[in-house]
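As they're listed, the protein sequences go chains A and B.
Under our numbering, the first residue of the first sequence is numbered 1, with each subsequent residue one higher.
Under our numbering, the first residue of the second sequence is numbered 1, with each subsequent residue one higher.
Calculated directly from the structure, the hints in this document are not laboratory data.
It should be emphasised that the depicted structure is a prediction, and the values quoted were computed from it without experimental measurement.
A virtual CB, placed ideally from N, CA and C, is assigned to each residue, including glycine.
Heads up, a few of these hints could be off.
Here are the simulated lysine-lysine pairs, DSS-like style, with alpha carbons at most 30 Å apart [as the list claims (entries may be wrong)]:
(1) B/K68 - B/K58
(2) A/K52 - B/K110
(3) A/K41 - B/K68
(4) B/K58 - A/K41
(5) B/K71 - A/K40
(6) B/K71 - A/K36
(7) A/K36 - A/K9
(8) A/K41 - B/K22
(9) B/K58 - A/K52
(10) B/K58 - B/K106
(11) A/K41 - B/K110
(12) B/K37 - A/K36
(13) A/K52 - B/K71
(14) A/K40 - B/K42
(15) A/K40 - B/K110
(16) A/K36 - B/K22
(17) A/K41 - A/K19
Here are the simulated distance ranges between beta carbons [as the list claims (entries may be wrong)]:
(18) B/G41 - A/P69: 35 to 43 Å
(19) A/D70 - B/T10: 35 to 43 Å
(20) A/Q14 - B/N67: 35 to 43 Å
(21) B/K110 - A/I55: 40 to 48 Å
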Amino acid sequence: DTAVSQTPKYLVTQMGNDKSIKCEQNLGHDTMYWYKQDSKKFLKIMFSYNNKELIINETVPNRFSPKSPDKAHLNLHINSLELGDSAVYFCASSQVGGMNTGELFFGEGSRLTVL
Amino acid sequence: GENVEQHPSTLSVQEGDSAVIKCTYSDSASNYFPWYKQELGKGPQLIIDIRSNVGEKKDQRIAVTLNKTAKHFSLHITETQPEDSAVYFCASGASNYQLIWGAGTKLIIKP
Numbered sequence: 001d002t003a004v005s006q007t008p009k010y011l012v013t014q015m016g017n018d019k020s021i022k023c024e025q026n027l028g029h030d031t032m033y034w035y036k037q038d039s040k041k042f043l044k045i046m047f048s049y050n051n052k053e054l055i056i057n058e059t060v061p062n063r064f065s066p067k068s069p070d071k072a073h074l075n076l077h078i079n080s081l082e083l084g085d086s087a088v089y090f091c092a093s094s095q096v097g098g099m100n101t102g103e104l105f106f107g108e109g110s111r112l113t114v115l
Numbered sequence: 001g002e003n004v005e006q007h008p009s010t011l012s013v014q015e016g017d018s019a020v021i022k023c024t025y026s027d028s029a030s031n032y033f034p035w036y037k038q039e040l041g042k043g044p045q046l047i048i049d050i051r052s053n054v055g056e057k058k059d060q061r062i063a064v065t066l067n068k069t070a071k072h073f074s075l076h077i078t079e080t081q082p083e084d085s086a087v088y089f090c091a092s093g094a095s096n097y098q099l100i101w102g103a104g105t106k107l108i109i110k111p
């Protein structure tokens, strides 16, 4: 049973379109994250939610909007896709946040290609 | 801003030899230093971590050392095997939920 699952695994779309990536974790964790990994493998945090509340919102264009309907789900919606949005997006979760940084459990990634 | 420098970006070693990856951090408040391994087509996975009250930690063939004075920490892999080939990331954790990540090291194990 997959701990952190995200769909779709691959997404190919045209510039200007709107797309969503879904993430679910069955670990009972309170904190979930979205990371972006570019072609050079650099990992950049985008958002973090703790118990459905946004706690980290890095400098990300407002075309990216996370939504957490409950603490087990964190979805990412992207409007007006641009070529530079092409990357692998990873969802992750952890048990402990705040002063104590806990182990991150990552999903397998969603590779977004914008044409 | 705070950052973590990771070296080398690529490391090629003969199977059976040791591999060492080094990181330097800038935030004096950092107290948590994990190492993640990312295999091709997968998400990163924690392999070992160390907290600031410990200087060294071992788990079978892997070990991490921490020098808080110099703000350095390193990953050591002994008796490397083909399955050790992957991208390795170091990170440092301060008190704000957020890990600051190194740029990654591609480790290649030559047969």
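A quick look at each hint next to the structure:
1. A hinted pair counts as satisfied when its Cα atoms are at most 30 Å apart, and B/K68 with B/K58 qualifies at roughly 18 Å.
2. With a CA separation close to 46 Å, the supplied pair A/K52 and B/K110 exceeds the 30 Å bound.
3. Of the supplied pair hints, the one linking A/K41 and B/K68 holds, its CA atoms being roughly 27 Å apart against a limit of 30 Å.
4. With a C-alpha separation of about 27 Å, the suggested pairing of B/K58 with A/K41 holds against the 30 Å cut-off.
5. The straight-line distance between the Cα atoms of B/K71 and A/K40 is roughly 25 Å, inside the 30 Å bound, and the hint therefore holds.
6. Straight-line distance between C-alpha atoms of B/K71 and A/K36 comes to about 27 Å, which keeps the hinted pair within the 30 Å bound.
7. Restraint check: the Cα-Cα separation between A/K36 and A/K9 comes to about 14 Å, which is no more than 30 Å; the hinted pair holds.
8. The straight-line distance between the Cα atoms of A/K41 and B/K22 is roughly 17 Å, inside the 30 Å bound, and the hint therefore holds.
9. Annotation: proposed proximity of B/K58 to A/K52 is violated, straight-line Cα distance about 36 Å (limit 30 Å).
10. Only pairs whose Cα atoms come within 30 Å are accepted, and B/K58 paired with B/K106 is accepted, the gap being roughly 21 Å.
11. Of the pairs offered as hints, the one joining A/K41 and B/K110 holds, with about 22 Å between alpha carbons and a cut-off of 30 Å not exceeded.
12. For a cut-off of 30 Å, the pair hint linking B/K37 to A/K36 stands: about 16 Å separates their Cα positions.
13. Taking the CA atoms of A/K52 and B/K71, the gap is about 35 Å. The hint is violated against a cut of 30 Å.
14. With a C-alpha separation of about 15 Å, the suggested pair A/K40 and B/K42 falls inside the 30 Å cut-off, and the hint holds.
15. Between A/K40 and B/K110 the CA atoms are separated by roughly 22 Å; this keeps the pair inside 30 Å, and the hint holds.
16. The suggested pairing of A/K36 with B/K22 holds, with an alpha-carbon distance near 23 Å, which does not exceed 30 Å.
17. Of the supplied pair hints, the one linking A/K41 and A/K19 holds, its CA atoms being roughly 22 Å apart against a limit of 30 Å.
18. Taking the beta carbon of each, B/G41 and A/P69 are about 28 Å apart, not inside 35 to 43 Å as hinted.
19. Between A/D70 and B/T10, the C-beta spacing of about 42 Å keeps the proposed range 35 to 43 Å intact.
20. Between A/Q14 and B/N67 the Cβ separation comes to about 50 Å, which falls outside the hinted range of 35 to 43 Å.
21. Checked against the hint of 40 to 48 Å, the C-beta distance between B/K110 and A/I55 comes to roughly 43 Å, which is consistent with it.
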